[in-house]
Amino acid sequence: DQQVKQNSPSLSVQEGRISILNCDYTNSMFDYFLWYKKYPAEGPTFLISISSIKDKNEDGRFTVFLNKSAKHLSLHIVPSQPGDSAVYFCAAEGFTFGNEKLTFGTGTRLTIIP
Amino acid sequence: DTGVSQDPRHKITKRGQNVTFRCDPISEHNRLYWYRQTLGQGPEFLTYFQNEAQLEKSRLLSDRFSAERPKGSFSTLEIQRTEQGDSAMYLCASSQQGENSPLHFGNGTRLTVT
Chain A
15 DQQVKQNSPS
25 LSVQEGRISI
35 LNCDYTNSMF
45 DYFLWYKKYP
55 AEGPTFLISI
65 SSIKDKNEDG
75 RFTVFLNKSA
85 KHLSLHIVPS
95 QPGDSAVYFC
105 AAEGFTFGNE
115 KLTFGTGTRL
125 TIIP
Chain B
30 DTGVSQDPRH
40 KITKRGQNVT
50 FRCDPISEHN
60 RLYWYRQTLG
70 QGPEFLTYFQ
80 NEAQLEKSRL
90 LSDRFSAERP
100 KGSFSTLEIQ
110 RTEQGDSAMY
120 LCASSQQGEN
130 SPLHFGNGTR
140 LTVT
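Just so you know, the protein sequences line up as chains A and B, in that order. Residues in the first sequence are numbered from 15 upward in steps of one, following the numbering used here. Residues in the second sequence are numbered from 30 upward in steps of one, following the numbering used here.
So here's chain A without its partners, still in its complex pose:
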């Protein structure tokens, strides 16, 4: 039972353009969502998060949008840079409901084309 889904295994984007990574979840008790970035041979690195009480959170080139009614979130990267090439994982937890462990999606490999 995959509670967090990333349906696009890979995405290629031209440098300077916008990258949009998508994530869907099924568990309505998730109330905190995060994006992690992973380079080869390294552990995942925290990128940005959003609480369920918000619908948008921005940090520099990175913006996360949350649509609770659709159980969908997305990560926008603009402008995309070559260093953004990595695997991106969406993750969720339900802190308010005592679920304090992260459930991860399967990841999307983003490739930025120079």
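Take the hints with a grain of salt, since some may be wrong.
[As the list claims (entries may be wrong)] According to the in silico footprint, chain A covers these stretches of chain B (three or more CB under 8 Å from chain A):
#: 1; stretch: 65 to 72
#: 2; stretch: 134 to 141
[To be verified] Sample of chain A residues with no beta-carbon within 10 Å of chain B, all distances over it, derived:
#: 3; residue: E29
#: 4; residue: G30
#: 5; residue: N41
#: 6; residue: S42
#: 7; residue: K70
#: 8; residue: N81
#: 9; residue: S88
#: 10; residue: H90
#: 11; residue: V92
#: 12; residue: P96
#: 13; residue: L116
[Stated by the list, open to error] Pair ranges (Cβ atoms, derived):
#: 14; chain 1: B; residue 1: R110; chain 2: A; residue 2: D69; range: 21 to 27 Å
#: 15; chain 1: A; residue 1: G97; chain 2: B; residue 2: D36; range: 26 to 32 Å
#: 16; chain 1: B; residue 1: L84; chain 2: A; residue 2: S22; range: 31 to 37 Å
#: 17; chain 1: A; residue 1: R75; chain 2: B; residue 2: S91; range: 31 to 37 Å
#: 18; chain 1: B; residue 1: S116; chain 2: A; residue 2: Q16; range: 17 to 23 Å
#: 19; chain 1: B; residue 1: L84; chain 2: A; residue 2: T59; range: 23 to 29 Å
Worth flagging that the hints you see were computed from the coordinates, not collected in a lab. Using N, Cα and C, we set each Cβ at its ideal position, and we do this for glycine too.
Since the structure of chain A is already known, use the hints to place chain B on it.
Same frame as chain A, now just chain B:
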């Protein structure tokens, strides 16, 4: 803050042998998590500690797996009688207890069981 440290980085073992991995979390973090990641998948939760108490274990953690955090600082994960299906990346992460505290991951231990 030197980050989360894991040792060894790589471990190759024969089926049936026991292996032990070590994780040193960020010093001020009181929570420590173990995850497992296989090819093409996101990290999957195994277990977590708050200080020295093991608060939750996944059903993925069979009887052959045991984790400890004896003094609330470093943690060990032992796998007894390894099987080929145990081959994976074992990730450790730490965080501060509290709402919306992201996990900080180490670079993992890659286990290969031959």
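Hints, one by one, checked against the model:
1. Taking a C-beta to C-beta cut-off of 8 Å, the stretch 65 to 72 of chain B contributes 4 residues in contact with chain A, enough for the three needed, and the coverage statement holds.
2. Check on the stretch 134 to 141 of chain B: 4 of its residues sit with their Cβ under 8 Å from a Cβ of chain A, so the three-residue criterion for coverage holds.
3. With a least CB separation of 27 Å from chain B, E29(A) remains clear of the 10 Å interface cut-off, as annotated.
4. For G30(A), the condition that its CB be more than 10 Å from all CB atoms of chain B holds, with the nearest at approximately 29 Å.
5. Here N41(A) stays apart from chain B, with its beta-carbon at least about 14 Å from theirs, past the 10 Å limit.
6. The non-interface label for S42(A) is consistent with chain B: the shortest C-beta to C-beta separation is roughly 18 Å, beyond 10 Å.
7. The beta carbon of K70(A) is kept farther than 10 Å from every beta carbon of chain B, the shortest such distance being approximately 16 Å.
8. Look at N81(A): its CB is around 19 Å from the nearest CB on chain B, clear of 10 Å, so calling it non-interface holds up.
9. The non-interface label for S88(A) is consistent with chain B: the shortest C-beta to C-beta separation is roughly 17 Å, beyond 10 Å.
10. Under the 10 Å C-beta cut-off, the non-interface status given to H90(A) relative to chain B holds; the minimum distance is some 19 Å.
11. Distance to chain B confirms V92(A) as a non-interface residue, since its nearest Cβ pair spans about 22 Å, more than 10 Å.
12. Every CB of chain B is more than 10 Å from the CB of P96(A) (nearest about 22 Å), matching its label as outside the interface.
13. Not every beta carbon of chain B lies more than 10 Å from that of L116(A), the smallest distance being close to 6 Å; the non-interface claim is violated.
14. For the pair R110(B) and D69(A), the supplied restraint of 21 to 27 Å is violated, since their beta-carbon distance comes to about 49 Å.
15. One distance hint, 26 to 32 Å for the beta-carbon pair G97(A) and D36(B), holds here, with the actual separation near 28 Å.
16. Remark: the range hint 31 to 37 Å for L84(B) to S22(A) is upheld by a beta-carbon distance near 34 Å.
17. Checked against the hint of 31 to 37 Å, the C-beta distance between R75(A) and S91(B) comes to roughly 42 Å, which is inconsistent with it.
18. With their beta carbons about 22 Å apart, S116(B) and Q16(A) fall inside the hinted range of 17 to 23 Å.
19. With their beta carbons about 25 Å apart, L84(B) and T59(A) fall inside the hinted range of 23 to 29 Å.
Hint check: violations occur at hints 13, 14, 17; the rest are consistent with the structure.
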